[in-house]
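Q: Here's the letter readout for the chains.
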Amino acid sequence: MRPLLFTLAAGCGWNALPNQATTTTEALWDASAVVPTVDGLYVRLPRAGALSLLKPGGDARRIELGEGRVTRIDAAPDLRTVVTFVERYVCTTTDPREVRKIELPSDCPPDDLEVTTEVDLVEGGEVTAKQSLSGAYNQLKFSRDGRFAVAYLDLTQELQVDAVLNLTGVVVIDIDAGTSQIVPVGFAADRVLFVEDPDTGDTVEAVVVSRNAVAVVDLAAETPEVVVTFPLTLDPDTVVDPVGIDLTPDGRYALLSARGSSDLYALDLEVRSINIVELAGPPGAMSVSAEADRTVLVYPGQPIVELLDHRFFDTERLDLDEPMDRIEMAGEQAVLWTPSGRHDLYRLDTRSGDLVEYRLQNPATELFLAPTQEFALVLTRPEGGSGTGVDGLYDLHPGMEIVDLRTDSSEPFVLEGQGLGVAFATDEAGTSLNALVLQQDVDYLFRLDLYTRQAEEIELESPPVAIGSMPDGTFFITHDRALGLVSFLDPSSGKITTVSGFAAAGSLDLIDLVEAQEEGR
Amino acid sequence: MTRAMLVTTMALWAGAASAQETADGPPAEAAPAEAPERAEAAEEAPVASEAPVAPVAEVPVPVAAPAIPLAVEPASPEISSGGPTPGVAAAPEATPEATPEAEDQTPGLPPRLLRYALSLEAGTLQNQDPSYDLFANGDVMGSIGLSAGYRLTKNIALVGSWQRVGRGAVVSVQVPDEDADFESRDQQLRAALLANQLTAGVRLDFAIAGYLRPYVSGQGMAVLTRVRLDDEPDVRDNPGQVEALGTATGGLLTFGAELRAPLTDRLHPAVYLEMGPSWLTVAQLGELGSMQMGGFALRTGVGLRF
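As they're listed, the protein sequences go chains A and B.
Counting from 1, one number per residue, gives the positions in the first sequence under the numbering used here.
Counting from 1001, one number per residue, gives the positions in the second sequence under the numbering used here.
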């Protein structure tokens, strides 16, 4: 009788229920890929296949996108529109006995499951435009004025081939007109730049980089079309695989470096010609300084940095102690660094060519530039070792170094947990500049005034995952909580408001199939 | 609970069999001509098992002679239970006029109609909704509860029940290792489902051999469901608790059989087993979504008829 009574009692409360272990393979929300907009913070809900819009005030609203799975979300340049890639599933099984049993995509025989991809533009929590798109076009690049978007293949991500795919084309989407057009540009296009009219600022051309060719697409024409194609090689047996591309400040030249090649291609978009510049070696990174009108190039295999003049394409070579492969531009200053285990960091004046070396205590993992471009904040990782004293302490712990780009000094800190992210906050008068540092598995936010070095710990509800800023200057912090937790921090008052539980929305409504006739409409 | 109920059920079945043997005595050949009617009436007005039993060989009573009543109250020959048995003294039985039931007896009904039924029961209800996988493994919602009945006629009774479902699970949410550092980012949450199943309807049954009653029952059904998801279950009130309520309505059609083991003429322990299909509307659980319960239902119980 006792087990019976126990079971009766167990039915009376939440805490005494049977405790089975179940598993779901899809997270309820994605804490690392959120999109801040002026309307709020958009969050992807993988299990429900939906989106949620969170307001800093504490509201959360699930956005209806129909049956399907939101696979990724991106922000448009207007900071208002969110681009969502939605997969829809149709089961074409015709056997009536089978059809009755099929409710979810996983119930459908793989051969009968059709997947289509749609790009939905969401603004203010509502879908404003829809475009069908092959799922293979997994990346979308917007022009700065937000009028055009070009969908192309991002080969760094997993591709899904769900239809016959033209690997030589990109899809040009005119967002204002709501039209899309496939434009053949060359094999495996994977990078896009937009050229603006220097007078009006309107987007007029797209430069699409593909293997062995660069195509210029006229976006001002009634139908987008290729106006010129620059072949990067005339030998079909040779493969030129672009690594980096950038436009000169005047928009006349497109500079392109290729993998494993010491040639730099300078494509003249006005005269339609190509200049080839011999570099010191295959570059690891390339960045254009608009202020100095020069291009900075670093080489992972050589401890040198080169400055390329945009008028005559002459290069100036400077020696380093260690090879670098990352560049961050801070106005005229270029910060050279590497995450590949070295300790050096350099500041290069791109106009004068002055070079300053900083020595980090531990190898860098990430670098963040302050919006005032006065400081660089470097997160470092522990590197082990058996040293003693202060050096040993640094070696054993993750750290953070503040590099003062004005005084050429740096200041190291030991962190409690590995640094996850940094955000900066400044007041309107510019009298303070705060760095907000997130640490892994640490449930407080470390706030440091970079001018006064005054520090403060801001308690968080839960260990964080990521930090970012909203267009209005409010900061958001996502947390490692299954049902969703986001903290919004007002930097002026230090007040934190939280939104939680939003990821539960739709968690019992699994992603269903789209009816075939509905899909056909 | 299941084991306890099984043990209880077996004990009652065993008790039922022995009690029936004791009360009814040897069947058939020794019974008078009106035995069939009496056998049916016996189910409604059984012999008390405490009646003294005399050894057959030691009491030479004529076969056709009526039993000698040993009880103080006179027995009615029309409603004597199971018929007199040679060598077995008839149990003390009340006449219809002597019992309260008989006083407000509905015309046409046999006397000692056991109007009331009360049972403790357990059951299962199918739930094939994929969202239920969050709360439990398998597609069955186990439940326990109570049922009650009121007999209108010899073969018709009103029945109703309440059963409570309680399921809980620790859900492991697998988060992909996107930074490939081989460190688990899996999250956990607690999922719980409480449901109250209410049924009410009619049961049609008939008696076989005095102690077995096959039946069919049709009932309306309502399931009041409450679910809770909690990603910090160690803290009683935390912002990561989400709750939702929902109601599903429908019907339940079951076929079953009840086995009775009379203790006295006015108190019969009983066990029963029933099963059948159920149909329910979709329960809307607020922002969380919906759940479609229903399907095959199985119920069993032990109780008293009086």
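Hints are not guaranteed to be accurate.
Said to hold, decoys possible - In silico lysine to any residue, SDA-like type, Cα no more than 25 Å apart, as pairs:
id, chain 1, residue 1, chain 2, residue 2
1, A, Lys130, A, Val38
2, A, Lys55, B, Asp1237
3, A, Lys495, B, Thr1281
Stated by the list, open to error - Covered stretches of chain B, as calculated for chain A (at least 3 residues, CB under 8 Å):
id, stretch
4, 1159-1173
5, 1284-1291
Unchecked claim - Computed beta-carbon distance windows for the label pairs:
id, chain 1, residue 1, chain 2, residue 2, range
6, B, Arg1226, A, Ala21, 19 to 29 Å
7, B, Leu1120, A, Ala21, 26 to 36 Å
8, A, Lys495, B, Leu1120, 31 to 41 Å
9, A, Thr23, B, Arg1236, 45 to 55 Å
10, A, Arg100, B, Gly1220, 41 to 51 Å
11, B, Arg1226, A, Lys495, 45 to 55 Å
12, A, Lys495, B, Asp1237, 13 to 23 Å
13, A, Ala290, B, Val1282, 55 to 65 Å
What the hints contain is simulated information worked out from the structure, not anything from laboratory work.
All C-beta atoms, glycine included, are put in the ideal place defined by N, C-alpha and C.
Q: Confirm or reject each hint.
A: Now for the hints, and whether the structure bears them out:
no.	hint	result
1	A:Lys130 x A:Val38	21 Å, holds
2	A:Lys55 x B:Asp1237	23 Å, holds
3	A:Lys495 x B:Thr1281	46 Å, violated
4	1159-1173	holds (count 10)
5	1284-1291	holds (count 6)
6	B:Arg1226 x A:Ala21: 19 to 29 Å	22 Å, holds
7	B:Leu1120 x A:Ala21: 26 to 36 Å	30 Å, holds
8	A:Lys495 x B:Leu1120: 31 to 41 Å	55 Å, violated
9	A:Thr23 x B:Arg1236: 45 to 55 Å	26 Å, violated
10	A:Arg100 x B:Gly1220: 41 to 51 Å	26 Å, violated
11	B:Arg1226 x A:Lys495: 45 to 55 Å	34 Å, violated
12	A:Lys495 x B:Asp1237: 13 to 23 Å	22 Å, holds
13	A:Ala290 x B:Val1282: 55 to 65 Å	59 Å, holds
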